[in-house]
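> The primary structure of each chain is shown beneath.
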Amino acid sequence: MDAADLIEPFARMLDTIAAPAAVRAVEHGGSADAMWAEVAASGFLDALVGEDAGGAGLPLAVANALWQELGRRAVPLPVGETMIARALLAAAGRPIPDGPVALAVAGPDRRTVVPFGRVAHHVLVESEGRLHLVAVASGDPEATGVTGDLSAVMRWDALPDADASAAPETGLRAVAAVLRAALIAGAADRLVEMTAAYANERIQFGKPIGRQQALQQTMAVMAEDAVAARIASQLGCAGAFPPALAAAATAKSVASKAAARIAASAHAVHGAIGISEEYDLQLFTRRLHAWRLADGSESYWNRRLGRLRMGSEAGSVDFTRAELFSA
Amino acid sequence: MPPEDEAIRPAIRALVAEAVAALPDDRRARSWAGFDAAFSRRLGEAGFLGLTLPKRYGGHERGPFARFVVVEELLSAGAPVAAHWIADRQSAPLILNFGTEEQRQYYIPRICRGELFFCIGMSEPGSGSDLASVRTRAARTETGWRVNGQKIWTTNAMHSDYMIALLRTSGSSEDRHAGLSQLIIDLKAPGVTVRPIVDLAGDAHFAEVFFEDVDLPAEALIGHEGEGWKQVTAELAFERSGPERIYSSVVLLDAWIRHLRGAGRDDTATLDLVGDFTARLGVLRAMSIACTARLAAGESPVVEASLVKDLGTSFEQELPVAIGADLAAWPDEAVDAELYRTLLYVTHLAPSFSLRGGTREILRGIVARGMGLR
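Each protein sequence line maps, in turn, to chains A and B. Just so it is clear: in the first sequence, position 285 is 285 by the working numbering, and no numbers are missing. With positions in the second sequence counted from 1, the corresponding number in the working numbering is that position plus 327.
The hints are simulated quantities; they were obtained by calculation from the structure and are not laboratory data. Beta carbons are placed, not taken as given, at the ideal position from N, Cα and C, and that holds for glycine. Do not rely on the hints blindly, as some may be mistaken.
Claimed, not checked - Now the in silico label distances, taken between C-beta atoms and shown as ranges:
hint, chain 1, residue 1, chain 2, residue 2, range
1, A, 53, B, 333, 29 to 39 Å
2, A, 197, B, 424, 54 to 64 Å
3, B, 333, A, 57, 52 to 62 Å
4, B, 593, A, 57, 34 to 44 Å
5, A, 272, B, 424, 49 to 59 Å
6, A, 50, B, 557, 50 to 60 Å
7, A, 137, B, 591, 41 to 51 Å
So that you can see chain A by itself, here it is in the shape it has in the complex:
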């Protein structure tokens, strides 16, 4: 089956269940149960679960395309996270819970911001190289206090090792990072569309502002950043699941760096309306910033990739070929 045949029905389902009004309702504390039930019934949650374990066994590259669709619609549930959690649990032969699962990397005596912690039922927590599946309540979740934010601040001082399994070799953060990069790419693409459409409609000085060369240059750079984020996220998902360190680092570094710039340009072109609550732009720009900060910013991943690079005697082109293009 062609990947497009999978992505199109997924995108159509999201259009029905995650229109901007529905996204806002969940952000304002409304129930996400009905929305989740539709996602669960679609069967896509087992996209990355191996066929031998009853899943679809799709390549990571196809999951990347699905994740971009989530970002494009600001879906207010940890759909991608749950796909990852289910795949990791199934691979370890562990039981898979119903309901949305968030991802977290935690340590004793440390509070951590867990994306979608407010709407998840479980959290797959990596601590000291082990993966623990715990109920959300075990992390003593608190709201971040940021308007509309679905993240929760959590903390685990002790995690029972009895049911834990080994974390992926590159760490759960690397797996979450390629998801985050794909979400950024999807939201960025949507922002480019919204911004170009607005620039063609908004009249100032007697003509659409999209005819102003200064704005055209800003928007061209924005489109370039969005394409770079997309290609980076695809590079992060070009290999097998879970992704290699260099692939994850490249994806999250480039996507995170682009995210802040794309959000800034989208707002610059839209003017004051863009920062109003009722206009949809903020649904996407707030997420770009949140996803940039989640699971390591560009600086974090640059440091990890930089260390890997400095350990190699190869030239830069050979290094990237070996680490990113050998899949």
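Since chain A is already given, all that's left is putting chain B on it; use the hints.
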């Protein structure tokens, strides 16, 4: 990357290694500007020129990916490619697409052998980004054409056998794109004067070219009279999409990383910078491969190529700035003279990266139009 194209990498790598073995980094950083006719002929003999061209004209009928591999090996090592560069990349495909059978049979096999070198006559003193305003004129005569006027900033004109020039064959510069044609000019023809222009790094890689009653035969016309603009636009899509738009500073990048390894640096600021460049290089390579795939599918990815070139040249230009800041942030660390020369050479020439083949502003205008902005 198709495995059969990847398979040619070891052979081109060996040839390149031999050619650059004696060159210091600051010479290798000149790559595009490095003129070595003997090396270009060796590439031709070994079958690395005219890779995508038909065998009946001396080409090798490989796809754009084979060319990608060869160009990547040449540029990442800083091989001196100037002699054959334009002929192989632009002139031969142009002649194949628009030339007569006689023109194809005469020029293309010689280009594939690395024997004939070409330059491109576009800019004039009054025509830079606004190329449609060219004034150099080719007038019809009984036997062909008579050319009068001047081209400037013509890369490698003083080493080239021929120029493919964009000339006005009818109307005036007010007629814009109409009335322009492309002619192949023999640079040894009487009335042609080539004066090299020395650049800020002390090299003369470009020139001004004067035409004073230069008589050319009728068959100097390439393609159709009056369609020069359309032909030039097609030509630029080849020029803008290749790996050459991301590797101009890679010799410097590698030299700097060797320096860091030697100095034993592993502080967070250094690792952050090295990681940032590595990630961006990887993504640019993936973007360039995506453009190559579009070319391989027979498409002309004009917007995508402009986008890659803009991102690529920004990367190439940021490298020397950031590397300079880094090296001088450690004033007590010894920097060897070769790295210093390489850094300053790339620093001084970097402005040209976003001028050649279309300025940054022109490319962003193309991207904006691709977004539906008018």
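> Name the hints, by number, that the structure is in violation of.
2, 3
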